[in-house]
Amino acid sequence: MLTPESSPTSATLAVNYRQVDRKYIRQLRVEISLQLVLIIGLALFYTYFAPVDWRWIGISLAVVVTLIWLLMVLLWAPRRYQFTGYDARELDVHYRTGALWRRQVAVPVSRIQHVEIAQGMIARTLGLSQLVIYTAGGSGSDLAIPGLPLALAERLRDQLLDQVAARAAEETEHMAEPQA
Amino acid sequence: MNLQRVAWIALIYFFARSIRVAISQLSNLWPLLVVFFTAGAELRGLILLGVAIVVPTFLLVFTVLSWWFFRYALNEHSLHVREGIIWRKQLTLDFARIQQADVREPWYFRPFKLAILGVESAGSDSKEVQIAGLSTPAAYRMKEKMLAETAIDTDVSEGLEAQQHTAQASTRHIFSLPVTEVARYGLIYNPVLLLLPILAYPLGQANVVDDYVMPYLNPLLDSLERFQADESLWLTIAIIALLSLAIVVGLSVLLAIIRFYGYQLTAQGSRYHAKMGLISVTSRSFQYVRLQRVVLQQGFIALWLRRFSLRINQSGQGRQQQQTDKVFFVPVLNAERQQQLATELQLETPTWQGFHWASTLLPWLMTTLFITLAVALISQFSWTAIGYALTISAIAGVPIQWQMWRKRAFFLGDYWLATRHGLFGQQQRFIPSVKIQQVTLQQGPWLRLWGSAKLHVYSAAGRETIAWLPYAQIKTLQQQLLQRSTDFKGRWM
Numbered sequence: 001m002l003t004p005e006s007s008p009t010s011a012t013l014a015v016n017y018r019q020v021d022r023k024y025i026r027q028l029r030v031e032i033s034l035q036l037v038l039i040i041g042l043a044l045f046y047t048y049f050a051p052v053d054w055r056w057i058g059i060s061l062a063v064v065v066t067l068i069w070l071l072m073v074l075l076w077a078p079r080r081y082q083f084t085g086y087d088a089r090e091l092d093v094h095y096r097t098g099a100l101w102r103r104q105v106a107v108p109v110s111r112i113q114h115v116e117i118a119q120g121m122i123a124r125t126l127g128l129s130q131l132v133i134y135t136a137g138g139s140g141s142d143l144a145i146p147g148l149p150l151a152l153a154e155r156l157r158d159q160l161l162d163q164v165a166a167r168a169a170e171e172t173e174h175m176a177e178p179q180a
Numbered sequence: 001m002n003l004q005r006v007a008w009i010a011l012i013y014f015f016a017r018s019i020r021v022a023i024s025q026l027s028n029l030w031p032l033l034v035v036f037f038t039a040g041a042e043l044r045g046l047i048l049l050g051v052a053i054v055v056p057t058f059l060l061v062f063t064v065l066s067w068w069f070f071r072y073a074l075n076e077h078s079l080h081v082r083e084g085i086i087w088r089k090q091l092t093l094d095f096a097r098i099q100q101a102d103v104r105e106p107w108y109f110r111p112f113k114l115a116i117l118g119v120e121s122a123g124s125d126s127k128e129v130q131i132a133g134l135s136t137p138a139a140y141r142m143k144e145k146m147l148a149e150t151a152i153d154t155d156v157s158e159g160l161e162a163q164q165h166t167a168q169a170s171t172r173h174i175f176s177l178p179v180t181e182v183a184r185y186g187l188i189y190n191p192v193l194l195l196l197p198i199l200a201y202p203l204g205q206a207n208v209v210d211d212y213v214m215p216y217l218n219p220l221l222d223s224l225e226r227f228q229a230d231e232s233l234w235l236t237i238a239i240i241a242l243l244s245l246a247i248v249v250g251l252s253v254l255l256a257i258i259r260f261y262g263y264q265l266t267a268q269g270s271r272y273h274a275k276m277g278l279i280s281v282t283s284r285s286f287q288y289v290r291l292q293r294v295v296l297q298q299g300f301i302a303l304w305l306r307r308f309s310l311r312i313n314q315s316g317q318g319r320q321q322q323q324t325d326k327v328f329f330v331p332v333l334n335a336e337r338q339q340q341l342a343t344e345l346q347l348e349t350p351t352w353q354g355f356h357w358a359s360t361l362l363p364w365l366m367t368t369l370f371i372t373l374a375v376a377l378i379s380q381f382s383w384t385a386i387g388y389a390l391t392i393s394a395i396a397g398v399p400i401q402w403q404m405w406r407k408r409a410f411f412l413g414d415y416w417l418a419t420r421h422g423l424f425g426q427q428q429r430f431i432p433s434v435k436i437q438q439v440t441l442q443q444g445p446w447l448r449l450w451g452s453a454k455l456h457v458y459s460a461a462g463r464e465t466i467a468w469l470p471y472a473q474i475k476t477l478q479q480q481l482l483q484r485s486t487d488f489k490g491r492w493m
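Line order of the protein sequences matches chains E and C. Counting in the numbering used here, the first sequence runs from 1 upward without gaps. Counting in the numbering used here, the second sequence runs from 1 upward without gaps.
Just so you know, the hints here were simulated from the structure itself, not pulled from any lab data. Just to be clear, a hint being listed does not mean it is correct.
To be verified - Below, in silico cross-link-like pairs of lysine-lysine (DSBU-like), each with a Cα-Cα straight-line distance of 35 angstroms or less:
#	chain 1	residue 1	chain 2	residue 2
1	C	K454	E	K23
2	C	K407	C	K275
3	C	K275	C	K489
4	C	K113	C	K89
5	C	K113	C	K145
6	E	K23	C	K475
Please model the entire structure based on the sequences and the hints provided.
So, in structure tokens, the structure goes:
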């Protein structure tokens, strides 16, 4: 076997997902509303100026988007919040999300390149922030955990950076040993 | 620090670079052409004169100055480069972070025994530097020195290459490619041959020929017919077509020979070198410990010739795949050499595992609908055309999807995670499972309906997808991969 000290340390234990802040629902609602209200507004704007024969397009678009908006605000946002969770463990970080398209992401701590805290405008007014974990796998491989209170995000970041440093030290030790 | 200048012959290189820079800069100025054309004749003459004098002078001065200000120094553990006329750029590359060092001997340098050393550092902020105009032996010596430094502590950690470091210093010859093999590359990767059917298809489908080409061609043909009888004309056209095809193929073979002539693969411990080229000699190398992905490729023509080509990606190269000249590349491999290289790289022989047949449904439906829609638009919604397109694409889609489904597979060995896909040929990708950066499990409503899931596996060279396995199996696979990457304490980059 490759790794003689292969032990049931990390991945085999069940992941214990913690939920993000409840205010994340509000963040999702505001974000989705901003996007969809713009489309509804454009549709109504079109209806107002379009010739009478063509108004049905604008009206039906506005109605459909309004329905989608209601669905997303009332059903999708709470459901997405319910499925959004993270677990930062000693050797790996887990994150899951998605109401319909479910995603479960896992990053080994030893592959973390750097950690960042990002705050959008809406998130900032709610006191929320997003923890972004970068790996060497390119843009798609970065992991962003949204809906974290700023203090928690900072604590998680520091904790992760400590873990990364500890892992790096362990690795250099491990590499030095067989040489001696 | 002992900063040095490169040989003055390198002015050729700097001149070529200045021209490249000038073209890319001047292309931004094309709106000024308006001024030129609207200006009066007198002013126009003045501008022309100015351009004829100013541009070459500027180029020459720029060339000489950029050569003059380009200095480099080689220390014990790092390479230091300083360049720039007005904006000074200083760059220090630690040998330990260098992931690739290549020597190129372009044709214009070869008579003077000079070479270009290209260095690339690893990591997320990878940097690149080219030192042109070093004496060829010095360039190779520097490259050796850089790579020797990085090799010191790397081999130990990888348990798999234990047998390799006994032969640490001595160079092993792995294989050379004879000209006949290299020529096959010209046949395999013939861009024009690949384009022909793609170009011919829409031309044959749409009425482009009838509507646009024929009106122009007809008078021409009529005039030709006055001189020749019908049949001999078509014969001539056929011969011309065949001849031009032969010329294209011949050219592509010639280019392949020029590029890969005398391809030689050697190894020093766990460092691999390739040297190739007829007119300009290129050398490329990589270290086993920095390997992030191996791609075995077999296209349509390669399948007939029973050959593969092989690419080795290092960190960060997944995103810039189009720059094939920076990737470690073996153009043609017959079965024997492929086996040899697989042994060298310790690739496991995969026992492929396929995916659920339902993975074909959505692609089949989408392609059928797409083709039908395209035909509907082209034919301006003629029902007969739509009917034909729907039937034909639906029926033809079945064997194509079935074949693609047969080719789609994955394999998880002791060290490698491999995926395979293709239609006529195939592509196999191997990534070291212990170097995985991230694993994402995905499940949309459609996959959930089938009790399946999808796994995105990110290596430092890019993403691999394993989809349409039972959810439980995908979940286990994710845990397994994560565990391996977590347990691995060696150097991965």
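The hints, checked one at a time:
no.	hint	in the structure
1	K454/C / K23/E	holds, 30 angstroms
2	K407/C / K275/C	holds, 33 angstroms
3	K275/C / K489/C	holds, 33 angstroms
4	K113/C / K89/C	holds, 28 angstroms
5	K113/C / K145/C	holds, 20 angstroms
6	K23/E / K475/C	holds, 30 angstroms
In summary, the structure agrees with every hint in the numbered list given earlier.
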